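Both chains come to you apart, so use the hints to assemble them.
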Amino acid sequence: MAEKKLTFEKALAKLEAIVEKLESGEISLDDSIAAFEEGQKLVDFCLKNLSEAESKVKKLSRDIDGNFELNDF
Amino acid sequence: MWSDETHIFSVSEVTHTIKYLLEENIPTIWLEGEVSNFKAHSSGHFYFTLKDANAQISAVIWRSRAHILNFEIEDGMHVQALGNVRVFERGGRYNFDILQIQPAGVGRLQMEFERLKKQLEAEGLFAAEHKKKIPAYPSVIGVVTSETGAAIRDIINVISRRAPNVQIILRPVQVQGEGAARDIAKAIEEFNAYGKADVLIVGRGGGSLEDLWAFNEEVVARAIFNSHIPIISAVGHEIDFTIADFVADLRAPTPSAAAELAVPDYNELKRKIVRFAQRMQRAVMVKIEHYRQRVKALQRSYGLRRPEDLLHQYALRVDELSTQMQRTIKQRITSQQQYVQQLELRLQNLNPKKVLERGYSITYLNGKVLKRARDAQPEGMLLTELHQGKIESQIKKIEDHG
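If you read the sequences in order, they're chains L and D.
If you're matching positions, the first sequence starts at 1 in our numbering and goes up one per residue.
If you're matching positions, the second sequence starts at 1001 in our numbering and goes up one per residue.
Isolated chain D, as found in the complex (with noise of 0.2 Å):
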């Protein structure tokens, strides 16, 4: 065990082979790792560790080369760099000398979304000023998205649900993968170039950064930001923003989302439609009913018999409101769609005119309702308003009861 062959090596000598042998033997390699005890060093030189489950190493970026690190590099952080182990004898540690960095796989994405996101908010691309307004009534909704995609079937169900006569118009597109990107923003391109859609839907189902990556390009960005039709973001992913998402005029967490905000509910409106009709109807009749007041009180007063007198009209086409507001009371319906043909008919008897097809005319002076005699001159012309046609005749005589 010992001997005179005995090599008894010297601490610099050992250091200088391990140095050798690690120094010769590793190439320049490529080396992922996370990033932890970050430091840049008040000497200008950045010093960490990269490490992994199992292992970590030491790792500089020279003042000399300190210009290779582009990005905010912070703990935790995947980055891949290119570099030599090193060797310091001196102190007998070895670290990793870094040429270059970049993060790595999906850090490298998100870097680039972040970068690209800071330089388009800079130019203005996310202001609210450039928001279009979406239109509250569209009658086309065009869809960019992929044809076989599960954003295509959910929008045609919601949409065909709420307001089943708006045009969809698809224009498929490739929503991930090389080339991506680029369909996307011709198809914003050919929708204004078509220019008969109202507002478009551009998205697509969820899916990992990477699948959703050709909605972060700055291609697909400029088209959205360059659209005259106001553009709907609908990319699947609920949490994180798209770059589109942030261009776009309004931003719909899911392709379903964006549909229920492309259309309004059709069934909605007509309820709302149908409270119009329903108020206006009450107004009318609120009308009729002080007629009916005063022709009451006129006739009282005056003994009015005669059942040609037009105040005689207002009593009669009132009387045929309370038995049609009657008969409404009467009907409970439940189907919207039976209610809203019920009301177009309750409107149409409403309608005062309806009297005419009993034999009752309106007469008009200059275009007035003619109520009272004494309003109008011998000689005068009248225009009397009958079921079927009109009469324009010339006054003869006039007796004044009232």
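Chain L with its partners taken away, still in its complex shape (with noise of 0.2 Å):
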């Protein structure tokens, strides 16, 4: 089930769904138990990834050898 890199975006979309399928009403209560914790853990991706430290501004600049660098802005 564990997926290698959930997206936000896909994050977002399957929470829509889990959501619509509970309020659904057709689905067990085991199954709604197991949607629900998977909606959890959704939430918490999401909210998680809405509130990361804030980033700093950075200037893409080419070293000597014409590699790229990120610099202090």
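I should point out that these hints are in silico values taken from the structure, not numbers from a laboratory.
None of these values were measured; they are calculated from a predicted model.
Please note that the accuracy of each hint is not assured.
As the list claims (entries may be wrong) - Below, simulated DSS-like cross-link-like pairs (lysine-lysine); rule was C-alpha separation at most 27 Å, straight line:
1. L:LYS14 <-> D:LYS1039
2. D:LYS1296 <-> D:LYS1270
3. D:LYS1196 <-> L:LYS48
4. L:LYS10 <-> D:LYS1133
5. D:LYS1117 <-> L:LYS21
6. L:LYS41 <-> D:LYS1368
7. D:LYS1272 <-> L:LYS48
8. L:LYS21 <-> L:LYS10
9. D:LYS1133 <-> L:LYS48
10. D:LYS1270 <-> L:LYS41
11. L:LYS21 <-> D:LYS1270
12. D:LYS1272 <-> L:LYS59
13. D:LYS1133 <-> L:LYS58
14. D:LYS1186 <-> L:LYS41
15. L:LYS59 <-> D:LYS1132
16. D:LYS1186 <-> L:LYS56
17. L:LYS10 <-> D:LYS1196
18. L:LYS21 <-> D:LYS1368
19. D:LYS1131 <-> D:LYS1117
20. L:LYS14 <-> D:LYS1133
This is the structure:
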């Protein structure tokens, strides 16, 4: 079940699908517990994704060998 | 006043003198003026007037030189023309005989703009099918603009407010003057080679047509077209479009607007996720309520009293959830951040497995929650989930109270 790399976009879409499935009522209690658990994980993932520390602005430049490097702006 | 020496000029003579004076004393010159009364005569010659605020002069492009007119000329246009003043003795008139002509100043830039626009449009560089989708949730935004301009400040402000953890990478460029277009094109190519930006913002703050000219150059247009990374153009000129705007995957009227288009509003997203979480919570509550009703009905029918009965667990869970919901309603949280944290907490408490902490357990048969003893078989294997750990056990005896 665990995906290699869950993107925010996919997580949000999955969460939406789970919410709709739960609301449809056509789901057993077992399944709804499982769906709820997965949904909760997705909520955690999405909120964590949105709450990571503020990122610094960087400047793209090239070193003497022409390799890319990032410096603080 | 009248004597024997008095020279009486003939009309031809004085006209000839005028012709000599004018034609000999005014060399071939560049003349700038506004075009009016432009007429393409059926003979193939072009006649018009060149004027400024205080004077005007008739001008002509003879049919033999009609090819020098390589742009759409019209009244009101400012032009620069190379030519000579010619006097026509027969009509007693003079005019400016044009050898070369071009749109003047801004007029010339606009002409160049129209020419390039037409050319690139014909080549399909503006076609909708080449427009790349701007990603909804980018993590890295590449910016191609001046290091010192207002544009980068505006972009940083908007992105750090809307989506604080989105990484901004600036590739500083010269946005106007000699070499600016080449620099901008190179920056776009470098971002593509670097490969880590999800979307690029290419632009600058407002300015005159001349200031913005780099964004109207072919080399920039082609770099935008060839970019694999979607590009939002952001040339701060709300009214007019630049060529870059036409080629870009998305056009923003200003750098701030580009930043808003590039990243979602995280607070809005958080609210959306919170709403999902609430809906999930509500749905589970409804489900639990449904089971509670069933539990009650069963209790009434069969007088079940055994506390370890699985059905009892649902009743307990429901009670816990009701308490939880009452608490929720009491809490009127204003701040969004608080709200989100509270929500996470609520979700934790809502987890059905929380009940396990209190000493209850869930029994599974073949991976499904076991609710009725009669669903099990003697000698069958059961899995019991406790607060900490699981137990696998074999069924000895079944008492069916159902």
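Each hint, compared with the structure:
| no. | hint | verdict |
| --- | --- | --- |
| 1 | L:LYS14 <-> D:LYS1039 | violated (68 Å) |
| 2 | D:LYS1296 <-> D:LYS1270 | violated (38 Å) |
| 3 | D:LYS1196 <-> L:LYS48 | holds (22 Å) |
| 4 | L:LYS10 <-> D:LYS1133 | holds (16 Å) |
| 5 | D:LYS1117 <-> L:LYS21 | violated (51 Å) |
| 6 | L:LYS41 <-> D:LYS1368 | holds (21 Å) |
| 7 | D:LYS1272 <-> L:LYS48 | holds (14 Å) |
| 8 | L:LYS21 <-> L:LYS10 | holds (16 Å) |
| 9 | D:LYS1133 <-> L:LYS48 | holds (26 Å) |
| 10 | D:LYS1270 <-> L:LYS41 | holds (15 Å) |
| 11 | L:LYS21 <-> D:LYS1270 | holds (21 Å) |
| 12 | D:LYS1272 <-> L:LYS59 | violated (33 Å) |
| 13 | D:LYS1133 <-> L:LYS58 | holds (25 Å) |
| 14 | D:LYS1186 <-> L:LYS41 | violated (43 Å) |
| 15 | L:LYS59 <-> D:LYS1132 | holds (25 Å) |
| 16 | D:LYS1186 <-> L:LYS56 | holds (24 Å) |
| 17 | L:LYS10 <-> D:LYS1196 | holds (20 Å) |
| 18 | L:LYS21 <-> D:LYS1368 | holds (19 Å) |
| 19 | D:LYS1131 <-> D:LYS1117 | holds (17 Å) |
| 20 | L:LYS14 <-> D:LYS1133 | holds (21 Å) |
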